[in-house]
Amino acid sequence: MGASTSRRNFLGLVGLGAASLAGTGLVTGCSKKPGSTGSATNAEQAAGVVPTFKDSNLVTPDIKGVSPMADGYVKYPTNLIDAITDKPITSGKPVTATTPWWGPAPPTANKFVEAVGADLGAPINFSIQDGNTYGDKLNTMLGARDVPDLTCIPGWEINKLARFSDGVHVLFEDLTPYLAGDKASAYPLLAGLDTAAWRDSVWGGKLMGVPFPTDSPYPTAFFVRQDVIDQRGVAAPTTLDEVYAFGKKMTNADKGEWAYGDIFQEVLQICGNPGSQNGWFKGADGKVSHRYETPEYKRAVEFMVRVYQDKLIHPELASSKGGDVKTLFKGGKIFAFADGLGGWKEVQREMTKSSPGFNMQAVKVFGADAGKPPTRWSSGATIMWTFIKKGLGKDRVEELLRVLNYTAAPFGTKEYELQNYGVEGTHFTRDASGAPATNDLFSKEFANQFIFLGGRPPVVVSSPDLPNFAKDMLAWGNDATQYLEKNPWEGIKVEVPTEQAAIQQPTDDKITDILRGRRPISDFDKVVAEWKSSGGDKARDFYAKVLADNGR
Amino acid sequence: MSTSHTVQEAGTTKVPAPAARSARRPRTMSFGARLRRDWPLILMCLPAMLLLAVFHYLPALGNIIAFQDYNPFAGDSPVQAFLSSEWIGFGNFQYLFETTAFWDSVRNTLAITAFQLVFYFPIPIALAMLLNGILSPRLRSFVQSVVYLPHFFSWVLVVSLFQMMLGGSGLIAQTAREAGFTAPDFMTNPDTFYFLITSQAIWKDAGWGMIVFLAALAAIDPSLYEAAAADGAGRWRRLWHITLPGLRPVIVLLLILRLGDALNVGFEQFYLQREAVGRDAAEVLDTYVYYQGISVQQWGVGAAAGLFKALIGLLLILGANKVAHKLGEQGIYSKK
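If you're matching them up, the sequences are chains A and B in order. When you line the first sequence up against this note's numbering, it's residues 1047 to 1598, in that order. When you line the second sequence up against this note's numbering, it's residues 15 to 350, in that order.
Don't take each hint at face value.
Stated by the list, open to error - Interface residues of chain B toward chain A, partial, derived using beta-carbon atoms under 10 Å:
hint	residue
1	Pro86
2	Ala88
3	Gly105
4	Arg152
5	Ser183
6	Gly184
7	Arg191
8	Asp235
9	Ser237
10	Asp294
11	Val310
Claimed, not checked - Calculated Cβ distances over 10 Å to all of chain A for the following chain B residues:
hint	residue
12	Leu97
13	Pro136
14	Ser155
15	Val161
16	Leu269
17	Val337
It is worth saying that the hints were derived from the structure and are not from the lab. The C-beta atom is built at its ideal place from N, Cα and C for all residues, glycine as well.
Required output: the full structure, derived from the provided sequences and hints.
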């Protein structure tokens, strides 16, 4: 491969007369630096274009979620409502869609997809891509301007997409004329999506995508193996000192057991660091600062240095990116780690089958010292967006919006059941209470296809195999809400100038060096000073200006 | 390239060889006649040329973004985006050359190349000679399969395999712990990182690299060995006077090509282990470009780094080839 690359580039060299590339003096003489200068949308612009909210929820929740936590359901509703009686697709034309999936690709001949397609009025042809490399795939697709009718893009990928704020208007349909204000009443289930999530879907003053509202706004939780620690009589930590003590007690290298996976993100929150806007925050005095500059950050770093030094983190995770934290957790090689809440149900479900008694729990949120509150970062109101291809014509756009209206069907509808559990008898059977229990064909064919295709009012639902799930998750999430960080930039789409985005990795590298003990902790202040001078101070001005421009 | 070479040679077979070397060849056939004679050869090469054109020469035009602040959404189509993105001259190169971190990564890359030239490059040659010494064809093909199989494993697999052996929770560390010792953790030690990656490279690719040397060994005339043995040459003398000279053109060829690739040491292997040993030890040109170009959406910077790599590679190849010619070797092309 290497040789062919050289050959390819060689032609480019000759063609462009790069012989003039001789000296740096010349290079600086006639050029301009690359990179964007950053941009930010105006939050006020969003207010006028979002759909008027009309509650679409049907079932009274068993456990009420404290906003922005979703509601919890322990019992499965017995009489389901047929929310959409007309076929959404009237032209009969198949719909193409791209969605991510973190697992083996489902078969193309797929009874599940066929069944939902039949209910929609035309087949949906999915191109399902590996979620771990989804950003790379999207960059190519968007760069080639070759997008399907419906493109699903997770929020965390948006920042990795080149010039997305330009691309979104080039590639995707402006939905403002279809959904703004009361126009959304033509799509009653879309009108049932959270207004905060819709506000998040505005680029350059235009409503560009259909949001997938989040069921819990927390990027991470501190998970433990409750069954093991109960058995060994070790209590889950409630202060930073206890995190260390817990680590010491649960680490037993001779037996191949270590206490932790990477817990830095959790330790930062336990120590009270901000993190919702890349670590930026507005202090009580109105000054914009970064967490690097706070004693809380330094405390978290100092703590992690001890954790690494005393080898409380599994060596496999400390020595390569390839280490799989969940496999270690499932296998009882580690007993606590930081992870997103999305993985909770999957891990618990898989382990419930193979090792009964396996109990994964999120530790009740706590601060570094007794009486000192932690911070909980907020990942925003939206997990992902679905975009409609530009230039398909009014009729087709309306048809596709009807498809997204269908996928927005809330819990308690027949449509919800079909999209989440498949066909009764083929993909699931009902237990005594009437709740669906899925089978192996479902596991094979299901890849969250329709779940990712569009958003719906979020719910946390227990299932026959996980009867306590909604209760556990709501108990944790409702309690954590009180510590949720207020993000002053919320609802503003901030694109940081390239120069400032580029200082992140070098700074992270230096901090990693400190954490792993390759650099002394005394270097920390120097690292922060370097960060400030190489762009950190400019970034502060940039973020402060964005706030000022928005009158916040 | 090789095709036109063959065609020419085929066309000049009637001319006495020594004369052809010194004087310009008399054209014995018209273009039409040669076309009539050679068309099957040309036809056979066509698919390969087409592939080359479509997947190598055409994309190479995209290198113009090295001189642009590339915006894939400028203009009305992807092709127009290349033309309507802003031209910034050597801005991307300036961005690269002005940062010390870039030069750090170049230095690391060259150091790794130099290290591997000494500690990796001879391994496949030695392996090929050892394997060639095995007489049983069955055993030989078995060993050959075993040693070249790892080439097809991904780096993630190779790194986790090394992790399982040498890492802090690996076989060696765990055995040592049971015996009451503490084994050093090779996976997170920046000082021994070059040894680690070179061992990984050897395990993964030495068997694969050996194949071409095996082919060269097979081409050595066995009667040379017989004659030498009859004259009383021992094992080492035969190695020194027959085997190594027989391999020399291939070794020189691969050495030159490797030099041309001096700034390519791979990406995944370093990306995976970068955090474990730190940027100072593991940042190579490709990871630098990934973090400071691609992941912050500066595609132009990535292209500029690619051109820089190609230019250095070209100079190294031409230089090394010249030296090879001076020393009487054939190099990557023969000098007429």
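Verification of the supplied hints:
no.: 1; hint: Pro86; in the structure: 4 Å, holds
no.: 2; hint: Ala88; in the structure: 8 Å, holds
no.: 3; hint: Gly105; in the structure: 4 Å, holds
no.: 4; hint: Arg152; in the structure: 33 Å, violated
no.: 5; hint: Ser183; in the structure: 4 Å, holds
no.: 6; hint: Gly184; in the structure: 8 Å, holds
no.: 7; hint: Arg191; in the structure: 6 Å, holds
no.: 8; hint: Asp235; in the structure: 30 Å, violated
no.: 9; hint: Ser237; in the structure: 35 Å, violated
no.: 10; hint: Asp294; in the structure: 8 Å, holds
no.: 11; hint: Val310; in the structure: 4 Å, holds
no.: 12; hint: Leu97; in the structure: 14 Å, holds
no.: 13; hint: Pro136; in the structure: 20 Å, holds
no.: 14; hint: Ser155; in the structure: 27 Å, holds
no.: 15; hint: Val161; in the structure: 21 Å, holds
no.: 16; hint: Leu269; in the structure: 14 Å, holds
no.: 17; hint: Val337; in the structure: 19 Å, holds
The structure does not agree with the numbered hints 4, 8, 9 stated previously, though it agrees with the rest.
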